Amino acid sequence: MIAMHELAVTESILEIALRHAAAQNATRITDLYLVIGQWSSIVDDSVQFYWDTLSDGTIAKGATLHFERIPTELLCLDCGKTYQPDSRDLLCPDCHSTRLKVLKGEEFRLDSIEIET
Amino acid sequence: MPQNIPVVEKILSANDKLAQENLARIDAAGIFAINIMASPGAGKTSLIERTVRALSPKYRIGMINGDIATSLDADRAAAAGAVAVQINTGGNCHLDAVQLQSALDQLDLSSLDLLIVENIGNLICPAEFKLGTHKNVIVASIPEGDDKPHKYPSMYRGADVLILNKIDLLPYVPFRMEFFSQGVAALNPGVTQFNLSCTTGEGLDAWLGWIDGQIKK
Chain C
-1 MIAMHELAVT
9 ESILEIALRH
19 AAAQNATRIT
29 DLYLVIGQWS
39 SIVDDSVQFY
49 WDTLSDGTIA
59 KGATLHFERI
69 PTELLCLDCG
79 KTYQPDSRDL
89 LCPDCHSTRL
99 KVLKGEEFRL
109 DSIEIET
Chain X
4 MPQNIPVVEK
14 ILSANDKLAQ
24 ENLARIDAAG
34 IFAINIMASP
44 GAGKTSLIER
54 TVRALSPKYR
64 IGMINGDIAT
74 SLDADRAAAA
84 GAVAVQINTG
94 GNCHLDAVQL
104 QSALDQLDLS
114 SLDLLIVENI
124 GNLICPAEFK
134 LGTHKNVIVA
144 SIPEGDDKPH
154 KYPSMYRGAD
164 VLILNKIDLL
174 PYVPFRMEFF
184 SQGVAALNPG
194 VTQFNLSCTT
204 GEGLDAWLGW
214 IDGQIKK
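Line order of the protein sequences matches chains C and X. Using the numbering used here, the first residue of the first sequence is number -1, and each one after it goes up by one. Using the numbering used here, the first residue of the second sequence is number 4, and each one after it goes up by one.
Next up, chain C with everything else stripped away, as it sits in the complex (with noise of 0.2 Å):
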């Protein structure tokens, strides 16, 4: 069994919230707002999983994790077009170009936590 990266994603998750309610005198957490990109490669079912087990006999025991998924979203930087690509092919759909920006796609954050004081 391969453990997952999830795992130290999950335990990092715990360390941010647990931090900034500690910061608030925070009895309970309750929910928590996470931004993920599609291309922060990332399952979520798996970090619920891990979440259970290593929020336990914390004060974000039961915390409802939310996800919040950003689908990849491109720009070229030739004809202008904003698209979210093909998971085989990432080129302009229009133009070809490899000129490219990305706009949306990469977002790895803990936005905001809900806690009882």
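Hints listed in this document are in silico derivations from the structure and should not be mistaken for laboratory results. Just so we're clear, the structure is a prediction, and the values are computed from it rather than from any experiment. By construction, the Cβ of each residue, glycine as well, lies at the ideal position given by its N, Cα and C atoms. Keep in mind that a hint or two might mislead.
Straight-line alpha carbon distances no greater than 20 Å define the calculated EDC-like cross-link-like pairs of lysine to aspartate or glutamate that follow [to be verified]: (1) C/99 <-> X/163; (2) X/20 <-> C/105; (3) X/13 <-> C/104; (4) X/154 <-> C/104; (5) X/154 <-> C/50; (6) C/102 <-> X/208; (7) X/13 <-> C/29; (8) X/13 <-> C/105; (9) X/20 <-> C/9.
Some chain X residues flagged as far from chain C (calculated, every beta-carbon gap over 12 Å) [to be verified]: (10) 10; (11) 13; (12) 52; (13) 83; (14) 86; (15) 116; (16) 129; (17) 137; (18) 160; (19) 177; (20) 185; (21) 188; (22) 189; (23) 195; (24) 196; (25) 204.
From chain X, some residues computed to sit far from chain C (all C-beta separations above 12 Å) [said to hold, decoys possible]: (26) 14; (27) 59; (28) 171.
Please arrange chain X on chain C, whose structure you already have, making use of the hints.
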């Protein structure tokens, strides 16, 4: 009262911070360090063997290897002339800054010029976990197929150097060089690229010359 607290923190910020500490340590010792990433079988170990064999007469080389089960790869690097440390990753799918930190503890850094970290064979996540090396090197290979940049964008986004290995197999494998290069150009324009073969040795000199130049910086 329930209240919403803004956090806005990168999820792997703790790892990023530790990676910076690792880099400071490596810099203080005057070492040039690279993190080599690839899918299993792309030729990471062969590339390291070739590199160590060519450069060990001139430089003192340390090698950190994150293999899942065996120490075979570390043994190969040691046989080629490097001081090798094996990280027991316990089945993890990537190396992280914590593991690099403990590996650094096992090396006499003051006695090294070059540090090569061989990451775990995986195209999904290693690029997300910074280690604290100077350059990320991704090794692709002809038999893997020309669609890999398109399918694994985050790995290619995070690379400073791209090595396209096994070019001696080009006549035998359907590989559209243009399609591969378009994917690379889209994700990582201007990345330093070396096309080579660890089997025939073709193209290796350019790669070795690049490392040599980086060590001297």
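Tested hints:
1. C/99 <-> X/163: This hinted pair holds, its Cα atoms lying about 18 Å apart.
2. X/20 <-> C/105: Given that 20 Å is the threshold and the Cα spacing comes to 18 Å, the pair holds.
3. X/13 <-> C/104: 11 Å, holds
4. X/154 <-> C/104: 15 Å, holds
5. X/154 <-> C/50: 31 Å, violated
6. C/102 <-> X/208: 38 Å, violated
7. X/13 <-> C/29: 17 Å, holds
8. X/13 <-> C/105: With a Cα-Cα distance of about 8 Å, the restraint between residue 13 of chain X and residue 105 of chain C holds, given a limit of 20 Å.
9. X/20 <-> C/9: At roughly 15 Å apart (the allowed maximum being 20 Å), residue 9 of chain C and residue 20 of chain X satisfy the hint.
10. 10: It is violated; residue 10 of chain X is separated from chain C by about 5 Å at its closest Cβ, not greater than 12 Å.
11. 13: 5 Å, violated
12. 52: 25 Å, holds
13. 83: 28 Å, holds
14. 86: 28 Å, holds
15. 116: 31 Å, holds
16. 129: Violated, because the least Cβ-Cβ distance between residue 129 of chain X and chain C comes to about 9 Å, which does not exceed 12 Å.
17. 137: 22 Å, holds
18. 160: Per Cβ check, residue 160 of chain X is inside 12 Å of chain C; nearest 7 Å; violated.
19. 177: Given that every Cβ of chain C is farther than 12 Å from that of residue 177 of chain X, nearest at about 15 Å, it holds.
20. 185: 5 Å, violated
21. 188: Violated, because the least Cβ-Cβ distance between residue 188 of chain X and chain C comes to about 4 Å, which does not exceed 12 Å.
22. 189: 4 Å, violated
23. 195: About 17 Å separates residue 195 of chain X from the closest Cβ of chain C, which puts it past 12 Å; holds.
24. 196: It holds; residue 196 of chain X is separated from chain C by about 14 Å at its closest Cβ, greater than 12 Å.
25. 204: Nearest chain C Cβ is 31 Å from residue 204 of chain X, so the label holds.
26. 14: For residue 14 of chain X, whose nearest Cβ neighbour in chain C is about 5 Å away, the distance does not exceed 12 Å, so it is violated.
27. 59: Non-interface label stands for residue 59 of chain X: nearest chain C Cβ at 33 Å, farther than 12 Å.
28. 171: Check passes; 27 Å lies beyond 12 Å.
The structure fails hints 5, 6, 10, 11, 16, 18, 20, 21, 22, 26 (numbered hints given earlier, in ascending order).
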